[in-house]
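Student: Here is how the chains run, residue by residue.
2 protein chains.
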Amino acid sequence: MSLLPDRYVIGVDLGGTKIHTALADGDGNILAETRVPTETIKGPSHVIGRIIATIEQVREQAGLPAGFVETVSVGSPGPLDIASGIIHFSPNLGWHEVPLKKLLQEGLRTKVMIDNDANLAALGEHVFGAGRGVNNMVYITVSTGVGGGLILGGRLYHGATDGAGEIGHITVLPDGPPCGCGARGCLESVSSGTAIAREARRLVECGKGQNILTRAGGDPDRISAVTVAEAASGGDQEAVSIISNAARFLGIGVANVINLLNPDMIVLGGGVMEIGEPIWQGVRQEVEARTLGAARTHVQVVPAGLGRRAGVLGAVALALQMD
Amino acid sequence: MSLLPDRYVIGVDLGGTKIHTALADGDGNILAETRVPTETIKGPSHVIGRIIATIEQVREQAGLPAGFVETVSVGSPGPLDIASGIIHFSPNLGWHEVPLKKLLQEGLRTKVMIDNDANLAALGEHVFGAGRGVNNMVYITVSTGVGGGLILGGRLYHGATDGAGEIGHITVLPDGPPCGCGARGCLESVSSGTAIAREARRLVECGKGQNILTRAGGDPDRISAVTVAEAASGGDQEAVSIISNAARFLGIGVANVINLLNPDMIVLGGGVMEIGEPIWQGVRQEVEARTLGAARTHVQVVPAGLGRRAGVLGAVALALQMD
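From first to last, the protein sequence lines stand for chains A and B. Under this note's numbering, the residues of the first sequence are numbered 1205 to 1527, in order. Under this note's numbering, the residues of the second sequence are numbered 1205 to 1527, in order.
Isolated chain A, as found in the complex:
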């Protein structure tokens, strides 16, 4: 009699810099995992080859013979089409209309499912993380960019064309800074790590922000959200003001989501949230000021529970259809 569980699935979190792959049993327990550089520069075929290699690697790590894996599920930057598994366009990957699902299915000869990376991180937090057992949950990741995923009625909500949850592109300041999407004043353009670093660089260009510059080794190009956060926690008022501003707009974005969706929980993840109290304080303040009655008193605004594993765990959950 075998002691092996009867199901094994693979979850893959495909990012612009790293491929994170995990093998899990039918209960979602991770038996093996690996992270490798994506090497996007070498093109889609190379990246897909690397995904397949990581899958082989975790299979061998777990001591499973080939053919034992039932489903492979991949979270990818989008926009993408879930049914066809085509990645329409991804600046991070440098991809344009790549039939990821088809190519992986040909290479792996197993069932492949594709979803948006932020959606799968939301699903990961819902199934294994901060949002376990919650009916209506919105996940927001504040990192280089700002993304999100919606769990409504206990399930991932994709919208009409798999494009729901673009929280990073809701307008929070109509005449604000230009955003990569072509609009102005998107949440991403004021609250992302990129926006925080940009504001600091702008100060330095005016001969201000010397404390921040020093922390970046005197090189404006090395200023990042982390540099600004460090300066802020060291008491630098210019840095504090940049962080508060980003936090304020993030709070406005969160408040908008609460007023629209009346969720049970908002889960905030991503590197910018790790700045800690200065960000959380701004968020709480705006949520308090800008949301209504029972929606405000009911909602929990909490930190993500899975850190960088949210995406891969969400991919596992999708493969196991745990939403």
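No lab work stands behind these hints: they were computed from the structure. Fair warning: there could be bad hints in the mix.
Reference listing, derived: stretches of chain B covered by chain A, where coverage requires no fewer than 3 residues with Cβ under 8 Å from a Cβ of chain A [stated by the list, open to error]:
#, region
1, 1361–1369
2, 1411–1424
3, 1432–1443
4, 1452–1466
Non-contacting residues of chain A with respect to chain B, defined by C-beta distances greater than 12 Å in every case (computed) [claimed, not checked]:
#, residue
5, K1246
6, S1249
7, V1342
8, G1367
9, L1377
10, Q1414
Cβ-to-Cβ under 10 Å is the rule here; a few derived chain B residues that face chain A [to be verified]:
#, residue
11, H1292
12, F1293
13, N1296
14, N1339
15, L1354
16, L1356
17, G1357
18, T1375
Glycine is no exception: its CB is placed at the ideal position from the N, C-alpha and C atoms.
Position chain B relative to chain A; hints supplied.
Tutor: Structure of chain B alone, referenced to chain A:
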């Protein structure tokens, strides 16, 4: 053998100024309807008595004996609790914690269902109006205030505490005008009929806006969104600018909803939308500029199809459970 259909239901749209009541058969055909003043000034018991009287009236109008009506469904201003049928608070009705469902059930001795008025207008448009057959639809009414209702996955989405769809209170201008809710720059504070009239009055206070003032018979207190719209359609540039500004922010609000929910359709109703092209143009422009890829090309932004009957028809649909 009777030719009567086997089911009759009553839908009630309870507003701050009017009670609109309709009797429908099992297919949602309206057999009788009536509109009476709410007379909120006389208190909740009086208003509930009037609702019951309108129900008797449409029953008699339709020639139905007492006891033939299966379900009464009421759309009420909120916030409210659907399960208990308690209206927590309504400035329009002057109500505070009124157990509407219980009181109506006692008076009518029939099944009573309560929902938010904007939710039922959304349901009305979805079942009988512009949004028939649409899977994900957002209804927005721009009138004295701004309200909304969400149809997600073909059904009304209520959120965690029946507070979803508060589109009027998403922030579109962080340091904008104060809103009735206590925050600043809510969509309602810049795009509602009330906001349009307020901006015109502000001009008049500065000695400007004379064309608008003339159309209000020289009395600033009589300036309404209609006065401003008339002046705008007569070519008055100050009025045009007020309307464009309201339209711009409405467009930003609509774009935010599209980015977040990726709906198939946005249905816009309410008096302000009747201003016509100057409002629609601003909305289209911002949606075009501020939404992403497939979400933008897929979504239809259309006028409501049922006018002032959306609420009562939604109440009928709820009573027939047609969502």
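Student: It remains to establish, for every hint, whether it holds in the given structure.
Tutor: These are the hints, each one checked on the structure:
| no. | hint | result |
| --- | --- | --- |
| 1 | 1361–1369 | holds (count 9) |
| 2 | 1411–1424 | violated (count 0) |
| 3 | 1432–1443 | violated (count 0) |
| 4 | 1452–1466 | holds (count 10) |
| 5 | K1246 | 26 Å, holds |
| 6 | S1249 | 25 Å, holds |
| 7 | V1342 | 9 Å, violated |
| 8 | G1367 | 4 Å, violated |
| 9 | L1377 | 6 Å, violated |
| 10 | Q1414 | 29 Å, holds |
| 11 | H1292 | 7 Å, holds |
| 12 | F1293 | 7 Å, holds |
| 13 | N1296 | 15 Å, violated |
| 14 | N1339 | 7 Å, holds |
| 15 | L1354 | 8 Å, holds |
| 16 | L1356 | 6 Å, holds |
| 17 | G1357 | 7 Å, holds |
| 18 | T1375 | 5 Å, holds |
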